[in-house]
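*Asks:* Sequence:
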Amino acid sequence: MTNSASINRTDVHLINSGVKAQRFRGSLIDKSGKRLGDEGVILHNGDVAPQGRVILTAEDLESVFGVDAWTGPAMLEVQGDHRFEVMTVLTSPSGLRSNTNCVREDAVHNIEGVDSEDVSFIRLINIGKTPIINIRGSLIDRQGRPIGRTHVSLYSELISGEQVWLSQNRLEELIGSDWSGQVSLVLTAPHPNLRLLNLNLTTADTFFNFSCYENEETAAVFLMTNASSVNHSEMHVINSSRQISSLSGQLVNADGSTTPEVILAETLEPGGRTVLTSSLLESIFDVDSWQGPAMVTLKGPDKFDAITRLTSPSGLVSNTNCVRQSAVHMVEGDGNSYVRLINRGDQPVTDIRGTLYDAAGIVLGEPNVLLMASLSPGEQRFINNNELSSLFNVSWIGAASLMVSGSNDENLYLVNLNLVEGSTFFNFSCYENTDRARATSAETFYDEFIAEPIVDVSCINCHKPEGEAATGGLVFETNAEVSHFETMVNYIAITDDGMLASLKDSIHDEQVLSSNNYDDLVGFLRLLNVDVSPDLSSGLIPASVVPGIGGATIGNTGHPSFLSPHVNPIVSAGGFIYVTNTPADTVDVIDPWSRSVVQRINVGIDPVGLAVHPQGNELWVANHISDSVSVIDLDPTSSTYHHVIATVQSLVDETLVTDFDEPTGIAFAASGKAFVALGPANEIAVIENYEVTGRLPIRAQDPRAIAVQGDRLYVLPFESNNQTQLSGCAFARIDGDTCTFNAVEHVFNNNNVLSTHYDADIIINTGLPDRDLFVFDTDTEEQLQVVDGLGTLLYGLAVDNQHRIFVAQTDARNDANGRAGTLKHGLAEMGNRAFFNQVTRVNCQESCDTPVRLDLEPLPPQHPAVGEALATPYAIEWSVDAQKLFVTAAGSNKLFTLNPVTGEILGRVDTGAVPRGIALTDDNEAFVLNAVDNSVTVIDVSETREMQVQRTINLIDPTDPDIKAGRRLFNDAGMSTSGTFSCESCHPDGHTDQLIWVLETPVCDVDGCTQIPPRLTMPVRGARDTGPYHWDGIPGDPFGGNNTASINADVEPNCAENDPEGCIRVLVDGSLATTMCEVGNCELNSQGQAGAFNDAERKLLSKFVLSVPYPPAPERQFDNGLSIGARQGFFNFSFVNNAGGMATGAQTCGDCHKMPFLVSTNTPGTGMDAPTWRGAYDRWMILPQGRLNIIDLLNLAGVNDSFRERDAWSLAG
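Residues in the sequence shown are numbered consecutively from 1, following this note's numbering.
Quick caveat, the hints were computed from the structure, so don't treat them as lab data. For every residue, glycine included, the Cβ atom is placed at its ideal position computed from N, Cα and C. Check each hint, because a few of them may be wrong.
Restraint ranges, calculated between C-beta atoms of paired labels, are given here [claimed, not checked]:
#: 1; residue 1: I1124; residue 2: I263; range: 55 to 63 Å
#: 2; residue 1: P377; residue 2: F1118; range: 57 to 65 Å
#: 3; residue 1: E1115; residue 2: S483; range: 29 to 37 Å
#: 4; residue 1: E217; residue 2: E486; range: 32 to 40 Å
#: 5; residue 1: E486; residue 2: P260; range: 53 to 61 Å
Computed cross-link-like contacts, EDC-like style, restricted to lysine to aspartate or glutamate with a CA-CA straight-line distance of at most 16 Å [said to hold, decoys possible]:
#: 6; residue 1: K884; residue 2: E925
#: 7; residue 1: K884; residue 2: D922
#: 8; residue 1: K31; residue 2: D115
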């Protein structure tokens, strides 16, 4: 509503379309949301009869509400007792009158570009009673491409009743770009109380409303002039769905004759449009110019919008594709009004009759006059006001309503056109009424759209006490004081839009909501002021950023979690953030401006590492399980932009066995030569032109993090060891300190399984190789240097242009309580500090100097304060100005900043679960990948000591919610008393750290057992169905019988064979009560159990432990065939013993290591179990105390110091 001082005059028509007389009340709200005058004021005198109307001017409203002229347009809220229509007629200074009271809820499609003389304005209107926060949207061009920045904040907070203009210039500023032609503004996540008004200001100072148009429900363009008409029609059909689709149609002439159906657009991208003129349609349908306007019926996407732009001889462009049924209300007796009657159905409409009503609701002339005897299918006819005057035998002045009915009239549509100034047609068929959705509240919306169709029908089946999803955080209690509405509100307050992300996982795929239900859920979250991310919104945002690319496949049902390690899994390039969505097998593209996912690109299985080509035109992706690297095109001008354009792999001929197993880190030389870390092979693959051209041997375990600076390649082996071993040696070296027993006697000559009659300590042997950092020349590929002493488990690597190396690592303290034999050490001496969490600094300007360790926590016996631990430093990145380091603490769920000189912790901030990657932008923002939550935390890092979380972006995740929750617990260092280590610390990625530890292992009960025996870490991977789980035959033992603590007397099982989770639970409970708990300071949980985590959490942890498989063995042939060597090995293992060749069963390997998992239990005389050999090809796990892993024995056996796994196992045999 313009005010009385405006040069544009507004008349509002309130039309009683009900069957009873009524009065209209109103409230006037200015542009700021302030109420003008009283609320609910009676707007007129007397009652308004059915089909009558009240016409109010701005002066009338100023008088009714007792206010002066307001500033800018205002909003009039109208209430009545029955059905009514609200139309506004805007008269411009030129005298042209247009129809302006029509709004949208999700998108508008006629925003003019720089090539138009018309100027577009978008009005954002909050019709609700509460504020709407962070209204975001994107401009979409004809091809479906977002223009400039996407999902920009259009307005940060629109208070109740507020109305604001967004000009064309303002939109250009927001997105950072201009455009040509007509484009769409699409809201990221529509809000039930937000309305959009799309007005175009013409050169004649007239506003035209382009907010009203038809869609897939009517599926037609109802008024297309022919090519020879002085009024030129241009139809725009916009794909409002998320699917690429074609568009077809039929031309229906005025007489109802129809052409065959033809393709109008082969490919219509999400958000894209096809634009067809009359000339194009004549060509497409292969027809001559039709007579008068025609109709085009449409078939296309599930959701589409159809607009007609009609250009008059004066050059003015109006909006004409909008129709009504039953009545039109702007038939002017003293003007040039036209009503077009259209039969959209396939049956005739007969006996079409009409009644005219004046403003008082009085019938003009005769009622129920025959207008037309019939309209055949598809037929369309005009009746003008003069013809109506003749038919009704009446004359009238001003606007009248025409009510129309007929037999079989459910597909009878009306168009009300007024010809103004003899040249321009205005469509008055569209306006607001009481049928449209009104303002709502979260609770009302919940009751109407969420409670019965979503919660009662779907959610509550699993999300109830003792239900399948009872541990997921959303539980609807029955007969509780807290209502289901409050339960939803409380859950959403914690999870933000995480509920929508969970609906896309494999569990919910089986009970997927309808698209309408999902849209309603998005609307509910918006009413709760949740900033829903684009990939989780209600479907209008195109899933791709270029034509031809749809969304990635989701819901990988049956895809296990392999716990693949991450190396640089998130990067910034070309204005986007790229992140590995490991469980969904995609690379997700995040727009940093809107902080939302705008595209998902399918790659291989378990993508874990990213690297950008030096030219910036390619993104390389390490697929850990697929044994490949996907190459994604980053050239925005390319037709393959954001497509995978190459796959790097290496397969052995004929067998197709991979020779490129489990890639992780990727780095590029300036020349474009690529280096890829291959962990199981302990080598770096050299790649040129997408082919493996060379291999750099790494004489250490599992190279992962690599980086190139200048002409140097830096390589970190992940498990570089800390030079600890059992205190055995050759007899001549026994000194009672670093060597306490004769290894040849007790290992080679006698298989002293129980380590009796000697002291077995864990000591540091400086003769063990400790190769921590390898340096190569990138040109010659020559190894330049090897640096030792960096740490034990080396996670992250950062190198600056001065060749300052920083390594995020944990240093194992298994020697701190290692003197179990000589000093009778136990867990107490470790002090609940299994690892030091450190960053190691090495300067490598000329050559690398001595490493310096920077401790991130106080040293024992002092522990970090609660919440101050920085467990498992993982990702590490230099700041943009190279003055500080950003590091993630994966076990403590934190990002922290570090002074690289002093080691001072400058600041810290919480992230999601298990942060493993950092991408920094020039805008002082850090994007942190939380690997287990599968989310990205956006953090403002402009203030180093006061970093602030801005947003969490949830990635689509098919992982089972219970497995995900259990994995969080597995990585949570909060399970340890000191907060400094977790299960993951000793079992990184579900593997073994290959270290021996003194824990609370029972002392054996025969002669010579005098100490806690050291034990080698077992892997978590592959635990399901592969028991027994431990050498001592005690933790999680479903078999009973003897064990190392009761060698000669049988004991009862401590779990059931048919309850694998129960058996793992015994291990979980034991670990939490001993290893993870400080001796003398072990608190009880709420159930009275020793150690952290309650009973429900322990169940989740147990379920997770059993869920992790090993990936396929690297030398497994594609057809599962066995090589000759494998066949011979199987025979030797099963039928040959060490004593003299062929055997009849006495002491072959297979006797103790029974197929299929090479296990056995209850060994006579020792109580030992022979636990699984799972993962033996990748990690040494030889004998419970690691007795074979002694440097003197390896030297005696001639095993070289490269420690190839196969050589070590040969020694064991």
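*Asks:* Could you work out which earlier hints the structure fails to respect and list their numbers in ascending sequence?
*Replies:* Hint check: 3, 8 fail, others pass.
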